[in-house]
Amino acid sequence: MMKAGLKRSNAPIFWGLFGAGGMLSALFGPVLVFITGIAVPLGLLLPKGAMSYPKMQAFAQNFIGKSFIFAVIALFLWFAAHRIFHSLHEIGIHAGLGAKLICYGSAFASTVIAAYVLLVLGF
Amino acid sequence: MSKRRPYVRSMDGWWRKNPFYVEYMIHECTALFVAAYAFVLLVGLVRLGQGEAAWNGWLDALRSPVSVAFHVVFLAVIAYHTYTWFVIMPITLPPIIIGGKTVGPGVITGGGLLAAVVVSLVMLALVWRIV
Amino acid sequence: MSENHKIIEIEVLRYNPESDDEPHLEVYKVPFSDDMSVLQGAQYIKDNFDGSLTFRWSCRMAICGSCGMMINGIPKLSCETFLRDYYPSRIRIEAMANFPIEKDLVVDLSGFIEKLESIQPYIIAKEPRTLEQGEYLQTPEEFNRYIQFTSCINCTLCYAACPQFGLNPDFIGPAAIALLHRYNMDSRDGAAAQRMELVASEEGVFNCSAVGYCSEVCPKHVDPANAVNINKTNAAKDYFLRFLSPKGGSK
Ligand code: SF4
Ligand code: FES
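Residue numbers (this note's numbering), protein chains in the order written: chain A, 1 to 123; chain B, 1 to 131; chain C, 1 to 251.
If you're looking for bench data, these hints aren't it; they were derived computationally from the structure.
Even glycine gets a Cβ: it sits at the ideal position worked out from N, Cα and C.
One or more of the hints may lead you astray.
Unchecked claim - For the chain C half of the interface with chain B, some residues (derived, Cβ under 10 Å), not all of them:
1. Glu-22
2. Glu-102
3. Ala-161
4. Ser-215
Claimed, not checked - If you want the ones that stay clear, here's a sample from chain A, every Cβ over 12 Å from chain C, calculated:
5. Gly-22
6. Ile-64
7. Gly-105
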């Protein structure tokens, strides 16, 4: 017999964001780090001015570019928030609400900031 | 009266007790680096929104040796995330049946890693042409 | 014992609820031959050193699922694990992790039995048939969709491997979810929506963080982690789509 008093878990929302962010960072993470953090700053391999202001501004105003930037920042952070929150629980830090707020709260705040800046940058 | 007195063992430090768990914890910790990198990008985006001078300031900061060193670490750790993500993928997917045969875990992991390589090459190609 | 027997040290986690406050390790020097399993090592201790040593076993051939233990920290069936593979090192055997210890190597499985019952482990006919209508037919393809999940022998090694079960004993856990999946995947069964209430609940699949060790230790290659994770996707679909379908899942 089914147990009585089962409560539906709200995990699918966070699990979905976690999965999407995990996949996005697995596919795009390494190459993005390489481009933005290593190749461009060191002037390796890539054309000069690959991340110049006009180019990046245009990229952030383009609908596809905008969506990409938003997805990367927001989903990377939702992925990380979910994993870090679970790891804290797993190593026995049951900070409960506090840990939850810090993990998911910073992902949420960052999502809002990213959305705001991308809107202000215009289309 | 029952003589039962089941003993519940502590879970403290469980992740140190088996190499499998140690690896699990290490790949879980890659999330810290993904988060750190996403924050770097978020700062970049905010700077972009503040105009050309701010943006160039961010680019300058990225050129500092400390920043480059950090990104080398990010690259290594996030590449490890990529690897472990696709190693786990076979247990997360329903069976994929092609031509009456179930696709093996090695093929799924290999396919995922291949996809990551293709994505990386395409991204580099895009930077060359359009960005 | 003949001359050519080697001696292996077996360290056993002992716990007697009537006299001990907590478990402690005791070492026994056991003569063994190459064909002796760890289970036989424990039997040797019981027969020769301490008749009160308590452990479960039955078939001695990896099929009844009752002889699971932690062997050097790894969940294994003791009847198919051989002393020769550990000699000359000392071998440590303990009750299966994550379960309460009843006595010595015996754990309390009552929670597991309740979970097995809770998943409705029987076919609930999609379209009930009368005797006159004859048997339920199934194609080989339909059979293949669930056969892997029928191989479970309820040894609970997967629970001993699952830290999430250790952290939350209410988690339904790998084997019970694998069995649930077995019935859901059976073409004759129509109760997947009923079982979804449990799958999607706070005791359900989202306790799993894809550690994957359960599938690693499973002696029958059931791949319970796969069953759990497929059901995460199912539960997520149910979560988001329940408003669209009249039947939905749980509330
Ligand atoms: S799924 Fe495998 S490990 Fe778990 S109880 Fe069944 S046979 Fe044992
Ligand atoms: S005694 Fe039956 S499985 Fe080991």
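query: What hints, given by number in increasing order, does this structure fail?
result: Violated hint (a single one): 5; every other hint is consistent with the structure.
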